[in-house]
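Trainee: Protein chains in written order, with the numbering used here: chain A, 8 to 381; chain B, 24 to 164; chain C, 7 to 419.
Be aware that a few hints might be false.
What the hints assert, rightly or not - Calculated pairs, DSS-like style, for lysine-lysine (alpha carbon to alpha carbon, straight line, at most 25 Å):
(1) K278/A x K311/C
(2) K123/B x K240/A
(3) K13/A x K34/A
Rather than coming from a laboratory, the hints here were simulated on the basis of the structure.
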Amino acid sequence: MSNALKINKGIEEGLRDFLEFLLKSEKAGAVFALKKMNGKGAVSYSLITDTDELKDAVPLYPLMPVNAGKALSSFTLEGVPEKPVAAVLRPCELRAFIELVKRAQGSLDNILLISLTCGGVYPLKSLTDGNLKKLLSQYWESAKKADIDPGIRDTCQSCENFIPQLADMTVVSLGKKDLDKECTIILNTKKGEEYAREAPGSIVSEEIETAETKKLKEKRKEKNEKMVEDFQKDGSGLKALIKTFAACLGCHGCSQACPICYCMLCDFDSKTQEYKPVSFSSELKQKGGLRVPPGTIYFHLGRMSHMAVSCVSCGMCSDVCPVNIPVSTLFSIVGASLQGMFDYIPGRDVEETVPSGTYKEEEFVETGEYSGSG
Amino acid sequence: MNNNDMPKIIGFLCTWCSYTGADLAGTSRLRIPSSIRVIRTMCSGRIDPLFVLKCYLKGADGVMMMGCHPGDCHYQKGNYNARRRYVMLHNIFKTLGLEKDRIGLWWVSASEAPIYAKVTNEFTQQVKRLGPNPLREEIFI
Amino acid sequence: MNSTQKDKNAIPDKGKTLPAKEGVNKAITDFLKQSLEKKCFEAILVPVKVLDTESYAWVLLKDESILDQADPLPPVMTVQGGRALSSLTKHGEIKHKVAAVMRPCEIRAAVELFKLKQINLDNITLISMDCPGAMPLSGYMADPEKTKNTFTKIMEKWEENDSLRPVCQICQRFSLPSHLPPSPPLSSADQNDPDSSASDLHIGLLGGDMKQIFLIPASAKGTELLEKLDLSPQDSLKNWESKVKEIIEKKIKKRETFNKKWLAEIKGMSKFIEAFDECLNCHNCMRVCPICYCQQCYFDSQTLKLTPDEYFQRAEKRGALRFPLDTLFFHLGRMSHMVLSCVSCGACEDACPMSIPVAQIFTAVGDQTQKDFNYVPGRNKEESLPLQFYLEDEFCEVEVPSECEETAIGEAK
Numbered sequence: 008m009s010n011a012l013k014i015n016k017g018i019e020e021g022l023r024d025f026l027e028f029l030l031k032s033e034k035a036g037a038v039f040a041l042k043k044m045n046g047k048g049a050v051s052y053s054l055i056t057d058t059d060e061l062k063d064a065v066p067l068y069p070l071m072p073v074n075a076g077k078a079l080s081s082f083t084l085e086g087v088p089e090k091p092v093a094a095v096l097r098p099c100e101l102r103a104f105i106e107l108v109k110r111a112q113g114s115l116d117n118i119l120l121i122s123l124t125c126g127g128v129y130p131l132k133s134l135t136d137g138n139l140k141k142l143l144s145q146y147w148e149s150a151k152k153a154d155i156d157p158g159i160r161d162t163c164q165s166c167e168n169f170i171p172q173l174a175d176m177t178v179v180s181l182g183k184k185d186l187d188k189e190c191t192i193i194l195n196t197k198k199g200e201e202y203a204r205e206a207p208g209s210i211v212s213e214e215i216e217t218a219e220t221k222k223l224k225e226k227r228k229e230k231n232e233k234m235v236e237d238f239q240k241d242g243s244g245l246k247a248l249i250k251t252f253a254a255c256l257g258c259h260g261c262s263q264a265c266p267i268c269y270c271m272l273c274d275f276d277s278k279t280q281e282y283k284p285v286s287f288s289s290e291l292k293q294k295g296g297l298r299v300p301p302g303t304i305y306f307h308l309g310r311m312s313h314m315a316v317s318c319v320s321c322g323m324c325s326d327v328c329p330v331n332i333p334v335s336t337l338f339s340i341v342g343a344s345l346q347g348m349f350d351y352i353p354g355r356d357v358e359e360t361v362p363s364g365t366y367k368e369e370e371f372v373e374t375g376e377y378s379g380s381g
Numbered sequence: 024m025n026n027n028d029m030p031k032i033i034g035f036l037c038t039w040c041s042y043t044g045a046d047l048a049g050t051s052r053l054r055i056p057s058s059i060r061v062i063r064t065m066c067s068g069r070i071d072p073l074f075v076l077k078c079y080l081k082g083a084d085g086v087m088m089m090g091c092h093p094g095d096c097h098y099q100k101g102n103y104n105a106r107r108r109y110v111m112l113h114n115i116f117k118t119l120g121l122e123k124d125r126i127g128l129w130w131v132s133a134s135e136a137p138i139y140a141k142v143t144n145e146f147t148q149q150v151k152r153l154g155p156n157p158l159r160e161e162i163f164i
Numbered sequence: 007m008n009s010t011q012k013d014k015n016a017i018p019d020k021g022k023t024l025p026a027k028e029g030v031n032k033a034i035t036d037f038l039k040q041s042l043e044k045k046c047f048e049a050i051l052v053p054v055k056v057l058d059t060e061s062y063a064w065v066l067l068k069d070e071s072i073l074d075q076a077d078p079l080p081p082v083m084t085v086q087g088g089r090a091l092s093s094l095t096k097h098g099e100i101k102h103k104v105a106a107v108m109r110p111c112e113i114r115a116a117v118e119l120f121k122l123k124q125i126n127l128d129n130i131t132l133i134s135m136d137c138p139g140a141m142p143l144s145g146y147m148a149d150p151e152k153t154k155n156t157f158t159k160i161m162e163k164w165e166e167n168d169s170l171r172p173v174c175q176i177c178q179r180f181s182l183p184s185h186l187p188p189s190p191p192l193s194s195a196d197q198n199d200p201d202s203s204a205s206d207l208h209i210g211l212l213g214g215d216m217k218q219i220f221l222i223p224a225s226a227k228g229t230e231l232l233e234k235l236d237l238s239p240q241d242s243l244k245n246w247e248s249k250v251k252e253i254i255e256k257k258i259k260k261r262e263t264f265n266k267k268w269l270a271e272i273k274g275m276s277k278f279i280e281a282f283d284e285c286l287n288c289h290n291c292m293r294v295c296p297i298c299y300c301q302q303c304y305f306d307s308q309t310l311k312l313t314p315d316e317y318f319q320r321a322e323k324r325g326a327l328r329f330p331l332d333t334l335f336f337h338l339g340r341m342s343h344m345v346l347s348c349v350s351c352g353a354c355e356d357a358c359p360m361s362i363p364v365a366q367i368f369t370a371v372g373d374q375t376q377k378d379f380n381y382v383p384g385r386n387k388e389e390s391l392p393l394q395f396y397l398e399d400e401f402c403e404v405e406v407p408s409e410c411e412e413t414a415i416g417e418a419k
C-alpha cells in the first residue's frame with residue numbers, strides 16, 4: 008500500500024492540473040510531456056515552461072511519436088538541468104531512459120519521473136490512416152477494464168512490464184471504472200511525496216498492483232507466448248529470416264528510432280562496414296550475384312548483438328519501418344531470450360550493469376571446456 | 024579426401040594461449056585438419072561478435088573462437104568478456120533458428136596441443152555433418 | 007555526331023527495334039542475357055524479386071539465370087538506384103564492367119552523385135528506360151496483388167493514373183530529354199555532347215504498343231554496345247518520339263498546376279510548419295535520399311547537441327519546446343543542402359512513416375531553385391553543380407537591386 012494523490016477530475020485533466028501546480032509553485036521549472044501539435048491528432052513531446060502552453064498538453068495520449076527515453080537522454084546528455092523537470096513517460100520509455108543512463112547517455116538528476124500503469128499505444132499508422140480519433144474512446148474503455156485493446160502495437164499487446172518500477176509517481180490508468188472522474192497518482196518514492204505536498208487533491212492509500220493488473224499481466228503473457236510460438240513456427244530459420252528482411256531498404260530507420268541505439272555514427276553506417284571493390288568481386292565470383300547495398304541481414308543481426316539485451320520492446324522500430332517489417336517482434340523475442348539468460352530486465356534498476364558490459368568469473372563454466380576423451 | 028569436401032572453418036586464436044597451443048600441435052606433428060584458417064588476435068577479448076557473424080554470413084562453414092582458460096588470460100579479463108559475447112551470440116543463433124552448431128568457443132592453453140588437435144578435428148566433423156553453409160550461395164542477405 | 011543530331015537536343019534519330027512478344031520485361035532481360043553472354047558486361051545491376059516474396063532488391067549479378075527473376079521496371083521503387091550504385095564504388099572503381107539498369111530518375115541521381123564524387127562511373131554503363139512512374143510503397147506493402155495489377159494496366163496504356171506516386175504523375179523526365187524545352191546550362195557544358203549524356207543506352211517502351219522495345223544509343227558507349235551485339239541502330243524512332251513528346255506535353259502542364267498548388271500550400275512560415283506538424287524527426291527521408299550521402303548528417307552531429315540550460319532557454323522563449331528539436335531546421339537545412347540536386351525520385355515520401363508529402367514539397371521548391379540556375383540535376387555529366395560554378399556577371403539583382411539593369415537571369419552581359 009502506498010500513498011496516492013487523488014484529484015477529483017478526469018484522469019488527463021487531473022494530471023494536467025497537477026502538472027500546472029508543479030509549474031506554478033515553481034517546484035518544477037518545466038514539464039516534459041506529450042503536447043498537441045494541431046487539431047488533427049498529431050502530438051509531440053514538449054518541454055513546457057509556461058502554464059498557458061500546458062493547456063495543450065495531453066500526457067496520456069496513446070501515441071508514441073518518439074521514445075521519450077531517447078528524448079530525455081538528448082536533454083540530459085550534455086549536463087544536468089538546473090531546474091527540476093517533471094517528465095511524464097510510459098514504463099518502456101522510462102526503462103529505455105534508465106538503460107541509457109547506465110550507458111552514460113543521460114542523467115536522472117533533477118528529473119521527476121512520472122509514469123503510469125500502461126494500456127499501450129496505437130501504431131503511428133492509426134494517425135495517418137485517420138482512425139485515431141475514433142479509437143480514443145475505445146482505448147479508455149479497454150483501460151478501465153484492464154483489457155488488451157485490439158488496436159495497440161503488437162509489442163504493447165504482449166508487454167508484461169506495464170507497471171513502472173523506478174517512477175517517482177505512477178498515474179493509475181488501468182483497471183479503474185471511474186477514470187473519467189478521478190485521477191489517482193501513486194507516490195512511489197520520497198521524492199514523489201515531496202513534490203505532491205500541498206498539491207490540490209487528497210491523500211489516499213492505493214495499491215499499484217491490483218487484481219485487474221494481475222489479470223492483464225496474465226492475458227499479456229498469453230499473447231507473448233503466442234507471439235513466440237508463431238515465430239518459432241513461421242519466422243524461425245535462415246530462409247524465414249531472409250524472407251522477413253526481403254523488403255528491407257537499409258534505411259536504418261529502426262536504429263534511428265530505437266532508444267537504445269544512441270551511437271551518433273552507427274558502426275553499420277561507418278566506413279568499416281563498407282565493401283571494398285575486392286569484396287564485390289569475390290562475392291560475385293562465389294555466388295554469381297549479391298544484393299546491393301550489401302549487408303542487409305548483417306545489419307540486423309549485428310544490431311541485435313549490440314542492443315537486444317537492452318530491448319524494452321517499445322515498438323518504435325516497427326512503427327517507423329517504411330516496409331512494415333515486424334522488427335520489434337523479432338528483436339523482442341531475441342531480446343527476451345538474451346535477457347532471460349542473465350535474469351536481466353532492462354531498466355529495472357539503474358545500478359544493475361548491462362550484461363554485455365560485465366562478467367562473472369564463475370559463470371557458464373561448461374562453455375569452452377573440452378569435454379571429450381582426454 | 025576431396026578438397027571440395029573440406030569445410031572452411033575460420034578460427035580466431037588468441038596469441039598467448041590458443042595460437043601457441045596450435046603452434047605446438049604443429050611442431051609436435053599432431054594431425055590438424057586443413058579446414059582451419061587461423062586469424063590471430065592478441066586476446067580472445069578482441070574477438071568482436073561481428074567478426075563471427077561476418078564470417079558466418081559470408082559462408083564460412085564454421086567459426087571457432089579460442090582463448091585462454093578462465094583465470095589464465097594474459098590480460099586478466101579478456102576471456103571472460105569473450106565468453107559472454109560467445110554465449111550471447113550463440114543464444115541469438117539458437118533463438119532465430121540459425122545453425123548454432125557452426126560456431127563455438129574453446130579454451131586451449133599454450134601447452135594443450137592435443138586438445139587443439141582434438142577440438143579442431145571434432146569440430147570439423149561436426150561441421151561436415153551439417154554440410155556446406157547455405158549462405159555461400161545466398162544472394163539476398 | 008551529325009548536325010541534325012546537335013539541333014535536336016542530343017536525341018539520336020535511329021535505334022534498334024526488338025520484338026517483345028512475351029512482354030516488355032522479358033524482352034529487356036533477354037537483351038541483358040545476350041549482353042552477358044557476348045561479354046559486353048561482366049555483371050548487371052538490376053532489381054530482382056526476392057525468392058517467393060513480393061519484394062524487390064537490387065542485385066549485382068554475373069549468373070544470367072538470376073535474370074529470370076529480374077524485373078527491370080518493378081511497380082515500386084525500393085532502394086533508390088543511385089544509392090545502390092554508389093555503394094558499389096565507395097572505396098574505388100568497380101573492377102568489372104557493369105551495366106546498371108535503372109529508372110531515369112535513378113540514373114539522374116547517379117549522375118548527381120558522380121558530380122559529388124560519390125560514384126566512380128568508370129566501367130559502368132548506364133541503361134535507362136521509359137518509366138510510367140512507380141506506385142506508393144505503403145500501398146504496395148499493404149496489397150501487392152492489387153498494386154501490381156494497377157501497375158500492369160498503367161504500363162499497357164501509359165495513361166494518367168491517380169494511383170501512381172504524386173511526383174511520378176507530374177514527371178516529364180521519364181524518358182530521354184527529347185522535346186523538353188531547351189534550357190541551356192549556365193556552365194559551359196555542351197548539353198548536346200553525347201559523351202556527357204546521362205544514359206548510355208535508353209530502352210524506349212513507348213510507341214510500340216508494348217509489342218516492341220527500342221534500343222536507343224545515347225552516347226558513344228551505347229552505340230558501341232549495340233554494334234558489339236550486332237544490333238546496329240538502323241530503325242526509325244519516329245513512333246517512339248511522337249508518343250514521348252505527347253506525354254511530355256501533358257506532364258509539363260500537370261507539373262505547372264502541381265507547382266502552383268504546392269507553392270501556395272507551403273507559402274509562409276505557419277503553412278510550412280503545418281505541413282510538418284506530424285514529423286517525428288526520424289530522418290528516414292534523408293536516409294533514403296540518394297543525394298544525401300553524408301556518412302554522418304550534419305543534423306545528427308555533435309554540433310546540434312545542446313546542454314539542458316540551452317534547452318531551457320529555448321523553451322522559456324516561447325513557453326514550450328518541441329522534442330526532438332529542430333524539425334523545421336532539419337527540413338529547411340536539408341533542403342538548402344540538396345534541393346538543387348533533387349531529382350524528384352520520391353523515395354523520401356515513400357519512406358516517411360507519417361505520410362508527409364516530403365517529395366511533393368521538395369519537388370516544388372526544387373523546381374523553383376533549379377530554374378534560377380537553368381539547372382537540371384542529372385541530365386548531363388559535364389554540367390557543373392550550380393554551387394560549384396559562377397559567372398562573374400550574374401544575379402546582380404540580388405546585389406544592388408535598385409541600381410541593377412534588368413537582365414534575364416543567366417544572361418551574361
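Trainee: Decide, hint by hint, whether the structure agrees.
Mentor: Now the hints, each set against the structure:
Taking the CA atoms of K278/A and K311/C, the gap is about 23 Å. The hint holds against a cut of 25 Å. Distance restraint check for K123/B and K240/A: the Cα-Cα separation of roughly 18 Å lies within the 25 Å cut-off, and the hinted pair is therefore satisfied. Taking the CA atoms of K13/A and K34/A, the gap is about 19 Å. The hint holds against a cut of 25 Å.
Violated hints are absent here; each numbered hint is respected by the structure.
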